[in-house]
Amino acid sequence: DGGITQSPKYLFRKEGQNVTLSCEQNLNHDAMYWYRQDPGQGLRLIYYSQIVNDFQKGDIAEGYSVSREKKESFPLTVTSAQKNPTAFYLCASRPGTTFNEQYFGPGTRLTVT
Amino acid sequence: AQSVTQLDSQVPVFEEAPVELRCNYSSSVSVYLFWYVQYPNQGLQLLLKYLSGSTLVKGINGFEAEFNKSQTSFHLRKPSVHISDTAEYFCAVSGPLIYNQGGKLIFGQGTELSVKP
Numbered sequence: 017d018g019g020i021t022q023s024p025k026y027l028f029r030k031e032g033q034n035v036t037l038s039c040e041q042n043l044n045h046d047a048m049y050w051y052r053q054d055p056g057q058g059l060r061l062i063y064y065s066q067i068v069n070d071f072q073k074g075d076i077a078e079g080y081s082v083s084r085e086k087k088e089s090f091p092l093t094v095t096s097a098q099k100n101p102t103a104f105y106l107c108a109s110r111p112g113t114t115f116n117e118q119y120f121g122p123g124t125r126l127t128v129t
Numbered sequence: 002a003q004s005v006t007q008l009d010s011q012v013p014v015f016e017e018a019p020v021e022l023r024c025n026y027s028s029s030v031s032v033y034l035f036w037y038v039q040y041p042n043q044g045l046q047l048l049l050k051y052l053s054g055s056t057l058v059k060g061i062n063g064f065e066a067e068f069n070k071s072q073t074s075f076h077l078r079k080p081s082v083h084i085s086d087t088a089e090y091f092c093a094v095s096g097p098l099i100y101n102q103g104g105k106l107i108f109g110q111g112t113e114l115s116v117k118p
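Protein sequences appear in the order of chains A and B.
Numbered continuously in the working numbering, the first sequence closes out at residue 129.
Numbered continuously in the working numbering, the second sequence closes out at residue 118.
Hints in this document: simulated from the structure, not taken from any laboratory.
Take every hint as true, because none was put in to throw you off.
When the alpha-carbon atoms are kept at most 30 angstroms apart in a straight line, the in silico BS3-like pairs for lysine-lysine are as follows: (1) K25(A) to K50(B); (2) K117(B) to K50(B); (3) K50(B) to K87(A); (4) K50(B) to K73(A); (5) K117(B) to K25(A); (6) K87(A) to K25(A).
The following label-pair restraints were derived from C-beta to C-beta distances: (7) T56(B) to G32(A): 47 to 57 angstroms; (8) Q11(B) to K25(A): 18 to 28 angstroms; (9) G32(A) to S81(B): 49 to 59 angstroms; (10) G32(A) to K70(B): 49 to 59 angstroms; (11) Y26(A) to T56(B): 34 to 44 angstroms.
A short, non-exhaustive set of chain A residues, derived as facing chain B with CB atoms under 8 angstroms: (12) A47; (13) G56; (14) Q57; (15) L59; (16) Y64; (17) Q72; (18) L106; (19) F115; (20) E117; (21) Q118; (22) F120.
Here a beta-carbon is modelled for each residue, glycine too, at the ideal position from N, C-alpha and C.
The whole structure should be built from the sequences, with the hints applied where relevant.
Now the structure itself:
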């Protein structure tokens, strides 16, 4: 089955630790995205990547980092510099066509205490 | 710049009643419009999309939406809802890649649809 996988589903960390969230897709999509979701705030874009070895900051990139070494993978690191990291994180991908429909993974809920 | 406003944060409705979830957008260029559904602790699933052509768009699970350019709206409707439609619904806007080279989506705040028996 083709799709997007995010692991783990739930993640717990202590404050001050970096943590990396996994996102893998086997849809052969060119573009990938990371969003953060907080109650009542919709989805906010953290980073996106249109091709391998290239990525751009979204609206709330501070305290996060990404890499895109392979087309299939777009991991997100939440660093200790992120002041309020507890949230639901969603990864998405988009085929390299003229249309902008995005496909979403199941999400990772990160709790930092 | 583009933006999306979902006019209702919560919509309670009884089972088998009709429902409308409202979405207004602003954009200086032509738009693509989307409705996504999110069940608790899950990712987003595409319900329907407007890219061009007919302004009435039909999606999955019996939902439909109408693109109204003059009113800059893209309201989502279903004539008879089921308990299983209880979820959060997101409206999103984007534009052609020549204006939006990242293919980014701008999301509304979401509307929680609660269907009661």
